[in-house]
Amino acid sequence: MASNAIIYPDVLDPIESASREYLDRHQEASLAVMCEYAVANAPLIRKVWADAGVKPGDIKSVADFREKAPFLTKDDIRAYRDAHNDPTGGMSVDSPGQTVSVGTTSGTTGDPTPVPNWRRTPAEETYARDHWHIGVRPGDHVCHMLFTFRGGHRRRSLSELGIAEICFSISPFEIPRIVDASKRFRPTSMSIFPNPLINAFEQYFEKTGEDPVDVFKSYKGAIFGGEPLGDRQKALTRSWGLELFETTSLGDVAGACECREHNGFHAYEDIAFIEAVDPITAEPVADGDIGELVVTSLVDRLSPLVRYRTGDLVSIDRSPCGCGRTHARFKLLGRATDQILVKGRSILPREIMGLVEKHDETRANLFQIIRADREMDELKLRIGYDVTRLKDSEDALKLRLYERISVAIEVPLVLELVDEQELLKLGPPHKIPRVTKT
Amino acid sequence: MTTSHPDQIGCYTVHGKTQFYSVKRTELDRAGVQMARTLRSFAFKPGAYVLTVSVVQEVVQFAPFEFALQLLGLYGTNADLSPFDAGRVESLARQFDPVAICGVGNEVLEGLKMMGHDAAAVFKGRTVWARPDAYDAVRAMPGVAARRVVLIGPALALECAKGGLHIDGREWEVVVDNEELVLSSRQHRIDPVSGLKTGFSGRLTDMPCACGSPDPHISLDGAI
Ligand SMILES: [Zn+2]
Chain L
1 MASNAIIYPD VLDPIESASR EYLDRHQEAS LAVMCEYAVA NAPLIRKVWA DAGVKPGDIK
61 SVADFREKAP FLTKDDIRAY RDAHNDPTGG MSVDSPGQTV SVGTTSGTTG DPTPVPNWRR
121 TPAEETYARD HWHIGVRPGD HVCHMLFTFR GGHRRRSLSE LGIAEICFSI SPFEIPRIVD
181 ASKRFRPTSM SIFPNPLINA FEQYFEKTGE DPVDVFKSYK GAIFGGEPLG DRQKALTRSW
241 GLELFETTSL GDVAGACECR EHNGFHAYED IAFIEAVDPI TAEPVADGDI GELVVTSLVD
301 RLSPLVRYRT GDLVSIDRSP CGCGRTHARF KLLGRATDQI LVKGRSILPR EIMGLVEKHD
361 ETRANLFQII RADREMDELK LRIGYDVTRL KDSEDALKLR LYERISVAIE VPLVLELVDE
421 QELLKLGPPH KIPRVTKT
Chain V
1 MTTSHPDQIG CYTVHGKTQF YSVKRTELDR AGVQMARTLR SFAFKPGAYV LTVSVVQEVV
61 QFAPFEFALQ LLGLYGTNAD LSPFDAGRVE SLARQFDPVA ICGVGNEVLE GLKMMGHDAA
121 AVFKGRTVWA RPDAYDAVRA MPGVAARRVV LIGPALALEC AKGGLHIDGR EWEVVVDNEE
181 LVLSSRQHRI DPVSGLKTGF SGRLTDMPCA CGSPDPHISL DGAI
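Quick mapping for you: the protein sequence lines, in order, are chains L and V. Residue numbers for the first sequence follow the UniProt record's numbering, beginning at 1 and rising by one. Residue numbers for the second sequence follow the UniProt record's numbering, beginning at 1 and rising by one.
Simulated from the structure, these hints should not be mistaken for laboratory data. None of the values given here were measured: they were computed from a predicted structure. Cβ atoms here follow ideal geometry from the backbone N, Cα and C, with glycine treated the same way. Check before you lean on any hint, since a few could be wrong.
[Claimed, not checked] Below, in silico cross-link-like pairs of lysine-lysine (BS3-like), each with a Cα-Cα straight-line distance of 30 Å or less:
1) LYS358(L) with LYS331(L)
2) LYS343(L) with LYS358(L)
3) LYS217(L) with LYS207(L)
4) LYS68(L) with LYS437(L)
5) LYS437(L) with LYS380(L)
6) LYS437(L) with LYS74(L)
7) LYS113(V) with LYS183(L)
8) LYS47(L) with LYS60(L)
9) LYS380(L) with LYS398(L)
10) LYS24(V) with LYS197(V)
11) LYS55(L) with LYS68(L)
12) LYS217(L) with LYS113(V)
13) LYS425(L) with LYS113(V)
14) LYS17(V) with LYS207(L)
15) LYS380(L) with LYS358(L)
16) LYS183(L) with LYS17(V)
17) LYS331(L) with LYS431(L)
18) LYS197(V) with LYS183(L)
19) LYS398(L) with LYS358(L)
20) LYS220(L) with LYS331(L)
21) LYS437(L) with LYS358(L)
22) LYS113(V) with LYS431(L)
23) LYS24(V) with LYS217(L)
24) LYS391(L) with LYS358(L)
25) LYS391(L) with LYS380(L)
26) LYS398(L) with LYS343(L)
27) LYS220(L) with LYS24(V)
[To be verified] Stretch-level coverage of chain V by chain L, calculated; a stretch enters the list once three of its residues show a Cβ under 8 Å from a Cβ in chain L:
28) 96 to 108
29) 173 to 180
30) 197 to 210
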């Protein structure tokens with residue numbers, strides 16, 4: 001309420017701006033506690049540690065943990081699930097009175113994985129911190145769009161702070177109601193706001209003549225998630241007066257969201273311990289270098305993932321952030337299985353994307369990296385172009401693309417141009433396989 | 001913060017019009033305690049799974065149901081009411097073998113069909129609370145204990161094990177006006193309801209239900 005005179009703190013939990021030294025010590029203590037707990041309670045962790053011949057008592061420091069704690073992969077979880085007929089893959093701790101419901105992952109590939117939920121899950125804790133950072137305060141409203149499989153109707157991490165959630169499905173059919181709610185309740189934030197909804201809003205505004213700037217004038221931000229945010233959507237929402245904060249999953253243990261500096265996803269380090277390792281050798285990589293994100297939950301007693309390899313390639317930055325918070329940020333660069341090394345240089349689809357879209361004929365960004373092996377002597381690209389937009393000849397376009405890409409990437413390059421309709425046969429534009437063997 | 005600020009804003013639809021509806025968590029929780037009385041009639045074993053099929057904006061109607069599951073030591077899990085999420089209904093049924101599925105609507109039946117699953121096989125051996133648009137189809141499936149679940153304005157009417165379609169009598173006063181069920185709130189609420197025409201024709205049953213719940217039960221004739 002506007003009449004409220006209370007000045008609230010900048011961060012929801014003081015741990016968000018704790019000193020680096022305090023955070024490091026806190027993590028050291030929590031890691032020892034969680035290793036002990038996970039081995040004692042989670043059947044799969046017990047097995048993985050026994051197979052590796054490591055005992056929780058061997059972990060007395062972060063250095064011990066990095067040196068000795070065995071990794072856990074999605075394949076380990078799947079294998080355990082199939083061998084023991086356990087849907088949680090040996091990762092669920094049966095704690096009567098603690099599990100209040102069982103959520104599931106999106107399950108885009110195969111069966112969704114169960115995630116037992118405590119009263120306030122780590123993801124709900126991080127979600128509340130993220131909204132708070134955007135500027136949501138008690139007495140405010142938030143547009144809450146989600147799928148029920150994320151935890152049903154029991155979520156209360158915002159309402160327990162005195163923040164009202166206006167509930168919607170993530171569906172274009174909800175747009176008129178979201179517009180209505182925005183004008184009526186004047187919310188200060190919304191989540192999750194994905195690409196398809198942005199496009200649906202654009203069509204709605206065109207059709208109705210409704211003024212987006214007026215609709216969104218009370219918003220201090222909107223949390224965007226689902227897939228990488230494109231330049232077009234960024235510019236569009238900016239013209240509506242909406243600041244988007246991208247969010248991503250922190251390897252299934254929590255959420256990670258951008259701050260107002262927009263220079264990476266903040267990983268809350270009291271909730272997860274994060275590392276980056278070489279995706280092949282599993283050797284640690286230095287902060288700032290590209291490696292596979294490995295996460296360990298420091299709080300989740302119902303699903304205590306320890307050294308879980310996420311398959312995401314990231315670069316981690318642990319320097320203090322301009323937003324006033326001290327927790328690490330990471331840039332998400334792609335999936336480890338998409339990475340290719342050409343003469344030792346790491347290349348990911350995301351890097352190529354920014355180059356291909358710069359030409360009018362190839363602005364749809366349809367291309368594939370031919371990856372016969374992880375290490376190649378040359379970068380082979382198949383690029384689709386719109387034949388109706390060709391302004392000179394195919395050879396001339398090829399030359400233009402060749403110059404732009406080879407200058408930026410600086411490795412031997414082989415290009416193959418095809419009619420983009422050929423690539424569109426492989427799936428919708430955002431789903432075509434970016435990396436292919438042939 | 002003032003006490004007049006809602007915790008959740010859900011909605012209800014009557015006569016084709018969807019209205020925002022504000023609630024406090026305490027209202028949802030106390031409705032859950034009431035609903036546990038109807039749910040108890042099934043004597044599901046603690047530790048069993050119950051799958052709820054709904055959408056996020058149905059929080060006012062389904063949060064009490066989920067809270068009742070927790071109170072009885074059951075594990076709730078969720079799928080969206082949408083043809084696209086019907087695959088999750090099949091997957092969760094297979095993985096968790098839930099004793100019951102609540103909120104099945106025509107979207108689920110269509111989605112299962114689209115994905116090549118036999119709904120009767122997915123539901124077999126379970127209690128399935130179906131919405132009005134799916135009830136007849138579910139009732140026709142062999143080996144399925146079909147029950148009704150009906151969103152009546154902001155209230156959720158849930159059928160007990162003895163066939164009574166119960167509504168929370170402490171929370172809502174139901175009267176019949178011109179054959180239409182009319183709902184008013186009886187308790188302190190952040191968003192009081194007075195004389196809400198629900199769009200359903202029906203009657204109040206004046207005999208106590210065999211399930212032992214003192215909550216009133218209604219018989220529905222259909223939509224108006
Ligand atoms: Zn920051």
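Quick rundown of the hints versus the structure:
{"no.": "1", "hint": "LYS358(L) with LYS331(L)", "in the structure": "23 Å, holds"}
{"no.": "2", "hint": "LYS343(L) with LYS358(L)", "in the structure": "26 Å, holds"}
{"no.": "3", "hint": "LYS217(L) with LYS207(L)", "in the structure": "20 Å, holds"}
{"no.": "4", "hint": "LYS68(L) with LYS437(L)", "in the structure": "35 Å, violated"}
{"no.": "5", "hint": "LYS437(L) with LYS380(L)", "in the structure": "11 Å, holds"}
{"no.": "6", "hint": "LYS437(L) with LYS74(L)", "in the structure": "23 Å, holds"}
{"no.": "7", "hint": "LYS113(V) with LYS183(L)", "in the structure": "40 Å, violated"}
{"no.": "8", "hint": "LYS47(L) with LYS60(L)", "in the structure": "20 Å, holds"}
{"no.": "9", "hint": "LYS380(L) with LYS398(L)", "in the structure": "13 Å, holds"}
{"no.": "10", "hint": "LYS24(V) with LYS197(V)", "in the structure": "23 Å, holds"}
{"no.": "11", "hint": "LYS55(L) with LYS68(L)", "in the structure": "9 Å, holds"}
{"no.": "12", "hint": "LYS217(L) with LYS113(V)", "in the structure": "44 Å, violated"}
{"no.": "13", "hint": "LYS425(L) with LYS113(V)", "in the structure": "26 Å, holds"}
{"no.": "14", "hint": "LYS17(V) with LYS207(L)", "in the structure": "22 Å, holds"}
{"no.": "15", "hint": "LYS380(L) with LYS358(L)", "in the structure": "19 Å, holds"}
{"no.": "16", "hint": "LYS183(L) with LYS17(V)", "in the structure": "18 Å, holds"}
{"no.": "17", "hint": "LYS331(L) with LYS431(L)", "in the structure": "22 Å, holds"}
{"no.": "18", "hint": "LYS197(V) with LYS183(L)", "in the structure": "27 Å, holds"}
{"no.": "19", "hint": "LYS398(L) with LYS358(L)", "in the structure": "13 Å, holds"}
{"no.": "20", "hint": "LYS220(L) with LYS331(L)", "in the structure": "23 Å, holds"}
{"no.": "21", "hint": "LYS437(L) with LYS358(L)", "in the structure": "26 Å, holds"}
{"no.": "22", "hint": "LYS113(V) with LYS431(L)", "in the structure": "25 Å, holds"}
{"no.": "23", "hint": "LYS24(V) with LYS217(L)", "in the structure": "27 Å, holds"}
{"no.": "24", "hint": "LYS391(L) with LYS358(L)", "in the structure": "14 Å, holds"}
{"no.": "25", "hint": "LYS391(L) with LYS380(L)", "in the structure": "24 Å, holds"}
{"no.": "26", "hint": "LYS398(L) with LYS343(L)", "in the structure": "23 Å, holds"}
{"no.": "27", "hint": "LYS220(L) with LYS24(V)", "in the structure": "25 Å, holds"}
{"no.": "28", "hint": "96 to 108", "in the structure": "violated (count 1)"}
{"no.": "29", "hint": "173 to 180", "in the structure": "violated (count 0)"}
{"no.": "30", "hint": "197 to 210", "in the structure": "violated (count 0)"}
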